[in-house]
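2 protein chains.
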Amino acid sequence: MKAYQELSREELLSLKAELEKEYEDAKGKGLKLDMSRGKPSIAQLDLARGFFDVLTSESDMKDESGVDVRNYGALDGIPEAKRLMADIMGVPVDNVIVCGNASLFIMYDTISRSVTHGVMGSTPWCKLDKVKFLCPVPGYDRHFAITEHFGIEMINIPMTPQGPDMDLVEKLVSEDASIKGIWCVPKYSNPQGYTYSDETVRRFAALKPAAEDFRIYWDNAYAVHDLYDNGGDNLLEIFTECEKTGNTDMVFEFCSSSKISLAGAGIAAVAASRANLDFMKKSMTIQTIGYDKVNQLRHTRYFKDIDGIREHMRKHAELLRPKFEAVLAVLDRELGGLGIGTWTRPNGGYFISFNTMEGCAKAIVAKCREAGVVLTGAGATFPYGKDPEDSNIRIAPSFPTPEEMAMTTDLFVLCVKLVSIEKLLNA
Amino acid sequence: MKAYQELSREELLSLKAELEKEYEDAKGKGLKLDMSRGKPSIAQLDLARGFFDVLTSESDMKDESGVDVRNYGALDGIPEAKRLMADIMGVPVDNVIVCGNASLFIMYDTISRSVTHGVMGSTPWCKLDKVKFLCPVPGYDRHFAITEHFGIEMINIPMTPQGPDMDLVEKLVSEDASIKGIWCVPKYSNPQGYTYSDETVRRFAALKPAAEDFRIYWDNAYAVHDLYDNGGDNLLEIFTECEKTGNTDMVFEFCSSSKISLAGAGIAAVAASRANLDFMKKSMTIQTIGYDKVNQLRHTRYFKDIDGIREHMRKHAELLRPKFEAVLAVLDRELGGLGIGTWTRPNGGYFISFNTMEGCAKAIVAKCREAGVVLTGAGATFPYGKDPEDSNIRIAPSFPTPEEMAMTTDLFVLCVKLVSIEKLLNA
Numbered sequence: 001m002k003a004y005q006e007l008s009r010e011e012l013l014s015l016k017a018e019l020e021k022e023y024e025d026a027k028g029k030g031l032k033l034d035m036s037r038g039k040p041s042i043a044q045l046d047l048a049r050g051f052f053d054v055l056t057s058e059s060d061m062k063d064e065s066g067v068d069v070r071n072y073g074a075l076d077g078i079p080e081a082k083r084l085m086a087d088i089m090g091v092p093v094d095n096v097i098v099c100g101n102a103s104l105f106i107m108y109d110t111i112s113r114s115v116t117h118g119v120m121g122s123t124p125w126c127k128l129d130k131v132k133f134l135c136p137v138p139g140y141d142r143h144f145a146i147t148e149h150f151g152i153e154m155i156n157i158p159m160t161p162q163g164p165d166m167d168l169v170e171k172l173v174s175e176d177a178s179i180k181g182i183w184c185v186p187k188y189s190n191p192q193g194y195t196y197s198d199e200t201v202r203r204f205a206a207l208k209p210a211a212e213d214f215r216i217y218w219d220n221a222y223a224v225h226d227l228y229d230n231g232g233d234n235l236l237e238i239f240t241e242c243e244k245t246g247n248t249d250m251v252f253e254f255c256s257s258s259k260i261s262l263a264g265a266g267i268a269a270v271a272a273s274r275a276n277l278d279f280m281k282k283s284m285t286i287q288t289i290g291y292d293k294v295n296q297l298r299h300t301r302y303f304k305d306i307d308g309i310r311e312h313m314r315k316h317a318e319l320l321r322p323k324f325e326a327v328l329a330v331l332d333r334e335l336g337g338l339g340i341g342t343w344t345r346p347n348g349g350y351f352i353s354f355n356t357m358e359g360c361a362k363a364i365v366a367k368c369r370e371a372g373v374v375l376t377g378a379g380a381t382f383p384y385g386k387d388p389e390d391s392n393i394r395i396a397p398s399f400p401t402p403e404e405m406a407m408t409t410d411l412f413v414l415c416v417k418l419v420s421i422e423k424l425l426n427a
Numbered sequence: 001m002k003a004y005q006e007l008s009r010e011e012l013l014s015l016k017a018e019l020e021k022e023y024e025d026a027k028g029k030g031l032k033l034d035m036s037r038g039k040p041s042i043a044q045l046d047l048a049r050g051f052f053d054v055l056t057s058e059s060d061m062k063d064e065s066g067v068d069v070r071n072y073g074a075l076d077g078i079p080e081a082k083r084l085m086a087d088i089m090g091v092p093v094d095n096v097i098v099c100g101n102a103s104l105f106i107m108y109d110t111i112s113r114s115v116t117h118g119v120m121g122s123t124p125w126c127k128l129d130k131v132k133f134l135c136p137v138p139g140y141d142r143h144f145a146i147t148e149h150f151g152i153e154m155i156n157i158p159m160t161p162q163g164p165d166m167d168l169v170e171k172l173v174s175e176d177a178s179i180k181g182i183w184c185v186p187k188y189s190n191p192q193g194y195t196y197s198d199e200t201v202r203r204f205a206a207l208k209p210a211a212e213d214f215r216i217y218w219d220n221a222y223a224v225h226d227l228y229d230n231g232g233d234n235l236l237e238i239f240t241e242c243e244k245t246g247n248t249d250m251v252f253e254f255c256s257s258s259k260i261s262l263a264g265a266g267i268a269a270v271a272a273s274r275a276n277l278d279f280m281k282k283s284m285t286i287q288t289i290g291y292d293k294v295n296q297l298r299h300t301r302y303f304k305d306i307d308g309i310r311e312h313m314r315k316h317a318e319l320l321r322p323k324f325e326a327v328l329a330v331l332d333r334e335l336g337g338l339g340i341g342t343w344t345r346p347n348g349g350y351f352i353s354f355n356t357m358e359g360c361a362k363a364i365v366a367k368c369r370e371a372g373v374v375l376t377g378a379g380a381t382f383p384y385g386k387d388p389e390d391s392n393i394r395i396a397p398s399f400p401t402p403e404e405m406a407m408t409t410d411l412f413v414l415c416v417k418l419v420s421i422e423k424l425l426n427a
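Chains as they are written, first to last, in this note's numbering: chain A, 1 to 427; chain B, 1 to 427.
Nothing false has been slipped in among the hints.
Copies of one chain are not kept apart here, so a pair can be met inside one copy or by any two copies together.
Mimicking SDA-like on lysine to any residue, the simulated pairs with C-alpha atoms at most 20 Å apart in a straight line are: (1) Lys127 / Arg113; (2) Lys304 / Thr56; (3) Lys282 / Gly151; (4) Lys39 / Leu75; (5) Lys281 / Arg113; (6) Lys39 / Ser65; (7) Lys423 / Leu13; (8) Lys127 / Glu148; (9) Lys132 / Ala211; (10) Lys282 / Glu148; (11) Lys127 / Gly151; (12) Lys39 / Thr285; (13) Lys39 / Asp63; (14) Lys21 / Glu11; (15) Lys282 / Arg113; (16) Lys130 / Gly118; (17) Lys2 / Gly339; (18) Lys39 / Val67.
Worth flagging that the hints you see were computed from the coordinates, not collected in a lab.
Assemble the whole structure, with the sequences as input and the hints as a guide.
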C-alpha cells in the first residue's frame, strides 16, 4: 500500500470518486448500529444466567459472619464480598468497602465528599478558589464529566503506551497545591487498552504532591478483563508500592463487577488506606444504613472466589476476542500503510483507540453516523469534550456481533479514507 | 392508681425499695434485647421469601418497554417500577425516579447536591454564610444527621398530633430566606406515629417561603404501613394540594420498599416536579449509568401492583400489631394514671413515642441498658442529639418477638418508675 500522503492530487481525486460510490452503497444498506459505549452484549449477560438461581426462597440468607443479608446493617459490605472484591484488585480485605451497583457512583461520591468535607481533614474543596485535576488523555469521558460537574479545572496529560507522561505528572503535582487528583485507568486503559508499566506505577507511588489532599483515583475497571488466556497484562499492585514509599494514603482504587456479572446489577468496591476509609465512613454512615447485601451474597455464592471470577472472565474473553480481532483485521487490511490512521492492539479491556490525521475525527464520526453507525462522539475522550487535535476516536466492539462489528468497521475505514482524502486535498 | 406526684416521701421511698429489688431481679435474668432501631423482624423478612424465586435463569429479563434490565441504562428506572413507587406515594408516574436500595441515600444526595450545585439554579448552599432547616421534634435521627453533617443549622419545631406547629413553620419560612427546608415524616411520623391532618398538609402546600430554594423534604416512609386493616390513617397527597397553590416545585417526596420487601435490598424512589427532576438528573447522569434495574424488575414481578403491595402489607401488620399491642398493654397497665409518662397509640409505622417527666429520659435509657435492653439513645430524636427537656424515648417494637417485647416493656416501665421516683425525691 502506498501512503495517501504520497498520492498525487489526481490519484486522490480518482480514489475519492470510487470511495464515494462505495459510501453511497453503504448508506443504502440502512445500517443501524451503536458502538458508542462499552456495553456488554446480550451473549455476555447470558453467561451469568445461573446467577439468578443461586438465591432462592429456600436459601440460607446469612453471610459468613451470620448477618442476615436481607436486613439493615453491615455498612461496609459482607465479609465474603469484601474478600472477593479485594482479590479482584489484589489488595488486603481490610482496605475494602463494598458498595452499590456502580463504581462510577463511588467515584462521584468521593469527589462530592471532597468538595463538601475535604479529604481526611483538609479544607473542603468548595472553600478553595481553584481545584485542578490531571487527566491523562485520551481518557474516560465519565471521569472527566464528574470533575467538570464540580467545577474542577482539568489539565490534559499525554498518554503513552507505558501510562501517563510521568515527567509532567511529577512536575505538576509537586509544584501546584491546587492539583488534588489524577484520573487513572491503569490496566487496559479506556480507550487505548494500555497497561501502566511497573516504572509508571512506582513513579505514581513515589509522587510528592504539594497538596496533602492530593489523591490518585485509580479506576481499576478492567482488572480481570483479559482478552487472551495468557495471564494478560500485568499491573503492579499500587498499595504495595505505596507502602514502600510511605504513601498509602495517596490512593483511592475503584472496581466493580459490572463487566463481570451484570452491567446493570453488579457490585462495586473502593480500596483505600484505613485512614481514608475511616474518613469516608464518617459520611457513609450518614448516607446509608448499608448497601444491597443480598446482591453481594448472590455474587459470592455464584462466583465463590477469584478463581470462579477468572473462569467466568475466560468466557467473556471468548465472546469479546473475535470482535476485537474482527475490528483489527479490517483496520490492518484496509488502512495498513496508508498513513491516515493508527490504532492500538489491546490485550484486554473494552476499547480500541484510533487516531486519525489531525482534524479528521469529528468528520469521520459524523460520516459514520450519516450511514447509520453511531460511534463515541469525537472529543468525548478529552476533558470538556475538546480533543485539541481532533484526532481520537474510541471504538467499542463489545455490543455488536462479530459480523456486525466487521460491517461497522468496513464502514468506519471507508469514512476514514474519505475524510482523510478530503483533508489532504484541502491541505 | 395514684399519681406518683401525690405520694408522700415515705410512700415513694418504700415503693423505691420494692422496685429496686424487682430491678435487681430483672438484671439477674441476663436479658439481651435491642429495640433501638426500626428493624424488621426475621419473620417479616421471611414474608418475602418468594421474592427470590421470581427471577430465574429462565426468566425474560426485559422490562415492559423492552429494555434488558441486566445491562446499562434507564437512568430513572424501569417503567413498571416507576408506576409501582408512584402508586405507593399516590403521585403521577412522570414525577418519579426510582433509584437504589435506600431512600435515605436519595435524601442525603438531594442535600449534598443542593450544597454543591444549589436547587434549580439557586446559589449552591456551600457559598452561603448560613443555611437552616426546620426540624419537627421529636423526629427521625437520620434526617437530623444529614443536615448536621453538612453544617446546616437546625431549628426545633414542636410536633402536635396534627403535625408540626404550622403557625411557627409559616412564620419562620416566610421571614427567613436562610431556611431552605423542613424534614417531614407526614404519615405515621417517626417516632410518634402521628399522621399530618388535612389542614396541616394544605398549610404546607400554601407556604410562601422567603427562599426560592426552600423545599419540603416529605419522607413518606410509612405510606402503606398500616397496623390495622381499616384503611389506616389518611394522608392528603401533597402534590395535588401544591397544584392548587401553584407550589409544585416546593416538594421532594421520598419512599422506599425497605420495610415492604427487604430492609437491605429494597428499591427507593423520589417524587418531584418535572423542573426539580430535570435539575436532579443533570447530576444523576454524571453520577451513575443507572441503578439496579434487576432488583426493580424483581419487585414489580413479585408485587405486580399496588394491590399486591397492600396485600403484602397486611401480612406485615399481622406480625407487627401484636408487638405494638404488647407494648401498649404493659404501658397502660403499669403506668396508667401514675403521671410519670405519656405515650402515643399509632395506627401504623414503626414506633411508639414515650415522654417521661422532664429530665428522666437519659437515666431511663441508661437503666434499661444496665439490665440488658438497648433502646434508641435518649436525645436521638432531636437535632444534635439534644432533647431540651430530656424526656423523649423512642420505642421500636418491630424486631423482638411479642414475648420479648412484653418482657422488654416490663423492664422499661420498671425503669421509668424508678427514675421518676428518684426525680421526685430529689425535686
